[in-house]
Amino acid sequence: MSADSGTAPVLELRDVTKNFGPVAALRSGRLEVEAGSIHAFLGENGAGKSTLVKVVAGVHRRDSGVFRFQGNDVDFSSTAESKDAGIAVIYQEPTLFPHLSVMENIFMGRQPTKSGRRIDYARMYAEAQALFTRLGVAIDPRRTADGLSIADQQVIEIAKAMSLDATLLVMDEPTAALSGVEVERLFTIARALRDEGRALVFISHRIDEVFDLCDTVTVMRDGEYVDTRQIAEVTPDQVVALMVGREVSDLFPKTETEAGDVVLEVEGLSSLGTFHDVSFSVRAGEIVGLAGLVGAGRSEIARAVFGIDGYDAGSVRLSGKRIPPRRPTASIRAGMALVPEDRRQQGLVIDQSVARNIAALIRTRLTRLGLITSRAENKAVAPWAAKLEVKTNALDMDASTMSGGNQQKVAIAKWLSTEPRLLIIDEPTRGIDVGTKSEVHRLLSDLAAQGMAVLMISSELPEVLGMADRVVVVCEGRVTAEFDRSEATPETVMHAATHVGGHEAGATLAEGVEEVTA
Amino acid sequence: MSDTLVRPSAEAADKSRAARLLGQALRSREIAVFAVLVLLLVVATIANPRFLVGSDGWRDLLVTPSILLLLAVGQTAVIITRNVDLSVGSTVGLTAYAVGKIFVEFPGIPVVVVFVIGALIGAVLGLINGALVAFGRVPALVVTLGTMYIYRGVFLEWAGSDRINAGDLPGRFLSLGTKQVLTIPVLTIIALVVLAVVGFYLRSMRSGREFYAIGSDPAAARLYGLPVTRRVLGAFILCGALAGLAGVFYAARYGTVSSGAGRNLELESVAAAVIGGVAIFGGTGTVWGAGIGAFLLVTIDRVLPLLGISDFWQRAVVGALIIAAVALDRVLSLRRERQLKQARDEARNAS
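These protein sequence lines map, in sequence, to chains B and F.
Going left to right, the first sequence walks through residues 0 to 517 as numbering that gives the first Met the number 0 numbers them.
Going left to right, the second sequence walks through residues 0 to 350 as numbering that gives the first Met the number 0 numbers them.
Derived by calculation from the structure, the hints in this document are not laboratory data.
The structure displayed is predicted, hence computed values, not measured ones.
Take the hints with a grain of salt, since some may be wrong.
Pairs of lysine to aspartate or glutamate residues, derived as EDC-like cross-links and limited to a Cα-Cα distance of at most 20 Å, are as follows [unchecked claim]:
#	chain 1	residue 1	chain 2	residue 2
1	F	340	B	145
2	F	340	B	276
3	F	340	B	418
4	B	378	B	340
5	F	340	B	311
Computed footprint of chain F on chain B, listed as stretches where at least three residues anywhere in the stretch have a Cβ under 8 Å from a Cβ of chain F [unchecked claim]:
#	segment
6	95 to 108
7	113 to 119
8	205 to 212
Glycine included, each C-beta is placed from N, C-alpha and C at the ideal position.
Start from the sequences and build out the full structure, keeping to the hints where you can.
Spelled out as structure tokens, the structure:
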């Protein structure tokens, strides 16, 4: 409609590519945003949205492609440059300075000054108050940012962006941690900014929000541009179809399995400030998906179950036996395995050889006179590497030189070598290209078929829906719903993941399920 | 209903300004350390009245910490950015020797010029540290541990078995070490002015606040677009320049400069900062706290012998003080974290 007025768009990106080592994060990114418009930017996790946003913000430099801002070719090499040009970005994860006051976080580098370039703290306080009044929130501008809830942190990010008076405002999932009232406030502000003639880019996984707020939508998939439409001309179903672009079942080779005895039993697990009264179980041969928004407390629950972090109340049982808290070695001995989300930092010793990584947990078994030889390692490890089809020329190659998918396989092989009964796997396919993704999925499916209990944490809804026999949904540290494979749809899971108080459809369904499974 | 909800909080904000400042003061580390210092002085004066009341006692009390004070101020600026400078002791020695050499070569040179030269030498040494840390992306601990030995080595190579004696230095320079204005030693006045200027800069200038932001979360600072490299470089140059100035002080105060000059001062400056509430991981603390910490450290060194405590225990007391300071920080932050979490849970349950 107004988009075709012929004026140059505020932001123009065409054929933008960006590779991180062997992983192509962006193949052909494209985004054109008009002034006075709120532009939805959609795609599944890993579609390349965040990478494109970071190119706009000056965090990453594109490898190739066109990047114009207000009609001029630009190439930001730092976030300071993009900020000076008039671009404000709210990142997915808040980036605050924990030791500093809230108001300093908002105005850092741009604090109001009085004579002699001294910072005018009184005025900074007043201006921060004014911003919060406009946002309709009550946060003390003088308190430190340390200890703020995710929602409050997000509000501060928004206040920061507002105070920048930017021409283009990019919001990468700003509503992920906000409640209904807060979201409505944010939308009011976004519309006000649009009416001032600013351009906004809005990234969200909540399709209803997109249709509520935005006028145009651009969809990306697997690092490539798919389409741009006027919101008025499409339906939510059409948009979802553009995003997914394939049948969910195609990609997820889930074999049907018969669930056996209960392996993991978590009851009333609570940890102050992180999660509350979490109960669920995983049976042999079953893949249970732990779904929820980023920051909902899923990884924290997994860490507590495994014994890395402590908890205040509740119990964890493995095959009926109580697992002591805060003792990962006891958990490993009892038959638990945890493949963490962050491979490079936590999953692997990245500068060590593949063999050494896989043998890390069984190394005491390989010693002779207290010494380990590389030969013993290679011999013990070879079958596992072969089983998982780890693509590596030699087992003594450094793990850091491998692709993300193969690193993940090494991390999994390491744990399989301990022959666990329960495999907890956090974001199994994050940062892995599509081909290797399905290999990891097939592997998980096979393991379950062989009788292993698998607890899978994932932010990718299709992955959860495609792989899990049962879905446990967490929202703000509480289990809000539990679905059987047949009941779990994008709508039901998303609803449960975003509603903690309401307990509408999700809760009734969950109770029904419990009765059935009990 | 919303009226009644809003009004009390606004009222509370108004009437509690005094209470807020009082609360801040009670919780402030600076005042706690200052209280310990005062207590120490009271005890020392009771044990030996000459300690404070005698004219030499008063002068020594103020002038002795001035060197460490300068170092603690510079060290604080560096630590706040989540770095550390272990080379300052060597910088002190090297500059002190250079100052002596300058007076030997140019006996008529004005004292002010010597102060400037000393600070410049230190600044160049600090620049080397900063460049290695900021551009080489090497941890400051390693870089400055290296330069600590290098600067000391340069000093030893240059001086050999030579040393600067009081006879090499002009009387107008040496008199600075004892000169007083309104009973306050000149060196102390200079050190306090430096403290005040740096304190003002870190509190009230935009670029000064960026030091804190960088130390609080370096990754966020880069994402935010702060000039991280430039600020880190600036912190090291400032620290080096103050160490150079401290070298000039050293020469004026002691009159002799031998190869051991300034040894251990680097650790004492870190200790002063930590005792004064500067977190070793950056982001918090003030030069005022570090300054009081420096006073406390030096005064302890002088008071404990008065009280008849042996040399060994003197060191142990300083060590205990550092550990107590760090433990206190940890306990307080854990308690605060727990309170915040509880408040958050309650707020969530209420909504």
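Going through the hints against the structure:
no.	hint	result
1	F:340 with B:145	11 Å, holds
2	F:340 with B:276	16 Å, holds
3	F:340 with B:418	38 Å, violated
4	B:378 with B:340	28 Å, violated
5	F:340 with B:311	13 Å, holds
6	95 to 108	holds (count 8)
7	113 to 119	holds (count 3)
8	205 to 212	violated (count 0)
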